[in-house]
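Novice: Heads up: the sequence lines are chains A and B, in that order.
Sequential numbering of the first sequence, starting at 51, is according to this note's numbering.
Sequential numbering of the second sequence, starting at 65, is according to this note's numbering.
Hints may contain errors.
[Said to hold, decoys possible] Below 30 Å or equal to it, Euclidean Cα-Cα: the simulated DSSO-like pairs (lysine-lysine) are: (1) 171(A) - 145(B); (2) 136(B) - 121(B); (3) 218(B) - 336(B); (4) 136(B) - 140(A); (5) 54(A) - 113(B); (6) 72(B) - 136(B); (7) 133(B) - 151(B); (8) 205(B) - 113(B); (9) 301(B) - 151(B); (10) 179(A) - 54(A); (11) 151(B) - 136(B); (12) 52(A) - 140(A); (13) 140(A) - 54(A); (14) 218(B) - 77(A); (15) 171(A) - 295(B); (16) 218(B) - 133(B); (17) 279(B) - 77(A); (18) 72(B) - 54(A); (19) 113(B) - 77(A); (20) 218(B) - 113(B); (21) 202(A) - 72(B); (22) 113(B) - 336(B); (23) 301(B) - 179(A); (24) 205(B) - 171(A); (25) 336(B) - 295(B); (26) 151(B) - 295(B); (27) 136(B) - 171(A); (28) 295(B) - 279(B); (29) 52(A) - 72(B); (30) 133(B) - 121(B); (31) 279(B) - 205(B); (32) 279(B) - 145(B); (33) 301(B) - 279(B); (34) 336(B) - 205(B); (35) 171(A) - 54(A); (36) 205(B) - 218(B); (37) 140(A) - 77(A); (38) 77(A) - 336(B); (39) 121(B) - 205(B).
No lab work stands behind these hints: they were computed from the structure.
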Amino acid sequence: MKIKVLAYSICIFVITLLQSTIIDYIKIMNVKPNLLLAFIVVVAILRGNVEGTVIGFICGLCHDVISGKMIGVFALLGLYIGLLIGSVNKRLYRENVLIAVFFTFVYEYVFYFFNLFLRGKGDLIFPLKNVILPEAVYNSVLSILIFIIMIKLHYTFEEASRTSRKY
Amino acid sequence: MLRLFRNKFFLLALLTILLLVLIGVSSRADSPVNTVGNSLSIPWAPFQKVASFLENKIGGIFVYFEDMKELKRENDELRAKLDEMEKETRDLNRLREENRILRETLNLKDQFSDYISIGGNIIAKDVGNWFNIFTIDAGTKDGVAIDSPVITNKGLVGSIYQTGPLSSKVISIIDVDSAVSALVNNYIVIVRGDINLKDQGLLRMDRIPVELDLKVGDTVETSGVGGIFPKGILIGKVIEIREGDTDLNRYAVVEPAVDFQRLREVFVLVDKTKNTETGNGEK
Chain A
51 MKIKVLAYSI
61 CIFVITLLQS
71 TIIDYIKIMN
81 VKPNLLLAFI
91 VVVAILRGNV
101 EGTVIGFICG
111 LCHDVISGKM
121 IGVFALLGLY
131 IGLLIGSVNK
141 RLYRENVLIA
151 VFFTFVYEYV
161 FYFFNLFLRG
171 KGDLIFPLKN
181 VILPEAVYNS
191 VLSILIFIIM
201 IKLHYTFEEA
211 SRTSRKY
Chain B
65 MLRLFRNKFF
75 LLALLTILLL
85 VLIGVSSRAD
95 SPVNTVGNSL
105 SIPWAPFQKV
115 ASFLENKIGG
125 IFVYFEDMKE
135 LKRENDELRA
145 KLDEMEKETR
155 DLNRLREENR
165 ILRETLNLKD
175 QFSDYISIGG
185 NIIAKDVGNW
195 FNIFTIDAGT
205 KDGVAIDSPV
215 ITNKGLVGSI
225 YQTGPLSSKV
235 ISIIDVDSAV
245 SALVNNYIVI
255 VRGDINLKDQ
265 GLLRMDRIPV
275 ELDLKVGDTV
285 ETSGVGGIFP
295 KGILIGKVIE
305 IREGDTDLNR
315 YAVVEPAVDF
325 QRLREVFVLV
335 DKTKNTETGN
345 GEK
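Bound conformation, chain A alone (with noise of 0.2 Å):
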């Protein structure tokens, strides 16, 4: 368990970290990846919904600290992305980078409508076409690199959860 927690925590804090400063280098068409989410998404698959949900809900607090005008929106929003992939993810083929196409595609619509739609900032395509759209496949592929990192920890901690269970 403490393995877990700090595991995780070097995570969080690394992605974050990344994700603040150098990510802005590696924009391509003025579009950049979101490395919480992609972190989020892999997290939920592998783990199921418990971790999903309190991966989810850490990181988007993270993201809500970092650059955020209200505290709270993107853990609300990562928590219930990380609930529902976590659900569902004995249907899903693992592999399917399709998964992480989709989710990506949800989390940012869901976003720019509550935030920037209602209120009048702009309308329902161009940011689907511009902005969604390039950053969910471009997410997609960074969630691979994070997904073979993820698959080592994921069965450092099933394993250590194999011995922790021997009576």
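We have chain A; now place chain B onto it with these hints.
Specialist: Below, chain B alone, put in the same frame as chain A:
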């Protein structure tokens, strides 16, 4: 009661409600919740500082190895320009002295004399794609207060949105939530960020009076109306005028004088005369 807390659905509902309340409370930029939230980002600050320092260094190396011939040509050009500038500086000095004397005789107040400037480095950019908020390494410890204007030597950058003890968040003028009252040819207009133009780093000018004859290339500067920005800071220049179906809904595209992609250091102007109790209560 304890069993209730073990119920996952109850916990989820509780957390959701708590977060909704938190969003509501923190939606006012100067609420104390935001100060607490910003304090949570302190552990990242030193690492972000190191990262942005390395960014500068590595970026500098790439520039260093760029074409030497180009540099030489540019050097000659700059030397010629420098001679010209020196001549101009002499003229300007004379004019400045004259201006000072005339101002003194007219008793005009200098707008900028009420402000002290605090330097800050940008240590973190926006995490998402929608907004344009960045973090600088100057906070309430250095005297930064909410709503202080942020500038560079080229022009207006934005204003302080939230403050923390060691860092503060700056909302730039190209952010969708930002609006600045501006002056073009002595007419007051509104310059705001736009979601469609943000990616190109451009601004949108609204509420252009019908009688204003706007031309491409007109310079836009702050009007001083609204109380956040002092008068006369350069914002940018008009690069395109888009006509709507009537005169009332035409708008213009403004290119900011500041290049937001290459922004590294900024200055925060803090008003000495303003009472800081509207900002954080620590002062």
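Novice: When the structure is checked against the list of hints, which entries are broken? Sort them ascending.
Specialist: 1, 4, 6, 10, 17, 24, 27, 31, 35, 37 and 38
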